[in-house]
Amino acid sequence: MNTKENWIEDTLNALDDIQRVEVPLSLKYSLLNSSKRKENRLSVAQKWMIAASVIVLLGINLISMNQYAKKSEKLTFNDGKSAVYKEYFSSDY
Amino acid sequence: MISRLKKNDEKAFQVLVDLFSKKVYNLCIGMLQNTEDAQDVTQEIFITIHINIQQFKEESSLSTWIYRISINKCLEFIRKKHRKKRSGIFKSIFSSDGEKAIENHSDFSHPGIQLENQERAKILFKAIDLLPEQQRTAYILHKIEQVSYNEIAEIMQLSLSAVESLLFRAKQNLKKHLATYYEENEK
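Chains R and X supply the protein sequences, listed in that same order. Under this note's numbering, think of the first position of the first sequence as 4, with each following residue one higher. Under this note's numbering, think of the first position of the second sequence as 2, with each following residue one higher.
Don't read these hints as lab results, they were simulated from the structure. Computed from a predicted structure; not experimentally measured. A virtual CB, placed ideally from N, CA and C, is assigned to each residue, including glycine. One or more hints might be untrue.
Unchecked claim - Covered stretches of chain R, going by a simulated chain X footprint (3 or more residues, C-beta under 8 Å): (1) 6 to 18; (2) 22 to 35.
What the hints assert, rightly or not - Have a look at the derived ranges for each label pair, beta carbon to beta carbon: (3) R:32 with X:35: 19 to 25 Å; (4) X:85 with R:47: 19 to 25 Å; (5) X:160 with R:60: 50 to 56 Å; (6) X:161 with R:60: 52 to 58 Å; (7) R:47 with X:112: 34 to 40 Å.
Stated by the list, open to error - Here are the computed lysine-lysine pairs in the BS3-like style, where the Cα-Cα straight-line distance is at most 25 Å: (8) X:7 with R:31; (9) X:12 with X:23; (10) R:31 with X:24.
Please build the complete structure, drawing on both the sequences and the hints.
Structure follows, in structure tokens:
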């Protein structure tokens, strides 16, 4: 074996006596609490429910805005009609 | 213990943390080559285990199932990180994919390696980082975690011969990367 091959072989063996690292206490503490933290997380079904209810709310708002606009349009049209009628046919003069 | 875990028994979960936290954390360090990232992903893994324990069908051992979750989470994290890097670095648009080299990868000092081996381990970790996903996973499981070929096959859902071939190719590729590094730096 030449120097290069020796170097490659030695580098490949660098992990041979690797020691397991201890888990930091702070991490262990949060791991033990991860079962409690789970409850705060939303499931996929819950997320879909929230999205669906937001869409329903937006839809209701859009429909009611549309209906309100139509109604007010009708009202202003009728107001104009009655003003013209009053102008020509009222007996106030 | 598994039936107690499925019933959301907190004490059983504590036992699980005691039994597997070291294994999972060390696997994450090896895969992610960053202790802070390893801590974040370890937390995520244990939350996933707690959420999905009901779906564990006991077709494999608990340890195999946990290793499988851990590897998937680590690979997911690495892919996300690479995606971020790709979109973040403007100059990467102009660089070609094949230009990967050991020099481009950050230094990582594994806390479990003896001082005299640190320098060489850093170079080896950089080379491991250049391996394709499956080769890297098999190599880390075998070399760092000392998992048997049979268990690696179960974890990665491959045949024994596929694992042997993955490890063989991983070693060949590592030798190639190290040879290039030697030519450029050590000569």
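We went through each hint and held it up to the structure:
1. Only residues whose beta carbon comes within less than 8 Å of a beta carbon in chain X count, and the segment 6 to 18 of chain R has 8; three or more means the coverage holds.
2. For the segment 22 to 35 of chain R, the stated coverage by chain X is satisfied: 11 residues place a CB nearer than 8 Å to a CB of that chain, which reaches the threshold of 3.
3. Restraint check, residue 32 (chain R) to residue 35 (chain X): a C-beta distance of roughly 21 Å satisfies the suggested window 19 to 25 Å.
4. Between residue 85 (chain X) and residue 47 (chain R) the C-beta distance comes to about 24 Å, which sits within the given range of 19 to 25 Å.
5. Between residue 160 (chain X) and residue 60 (chain R) the Cβ separation comes to about 54 Å, which falls inside the hinted range of 50 to 56 Å.
6. Between residue 161 (chain X) and residue 60 (chain R) the Cβ separation comes to about 57 Å, which falls inside the hinted range of 52 to 58 Å.
7. Checking the proposed 34 to 40 Å range against residue 47 (chain R) and residue 112 (chain X) shows it holds: the Cβ atoms sit about 37 Å from each other.
8. For a cut-off of 25 Å, the pair hint linking residue 7 (chain X) to residue 31 (chain R) stands: about 21 Å separates their Cα positions.
9. About 18 Å separates the Cα atoms of residue 12 (chain X) and residue 23 (chain X), which keeps this hinted pair within 25 Å; it holds.
10. Proposed proximity of residue 31 (chain R) and residue 24 (chain X) is supported: the alpha carbons are some 13 Å apart, at most 25 Å.
Hint compliance for this structure: every hint is met.
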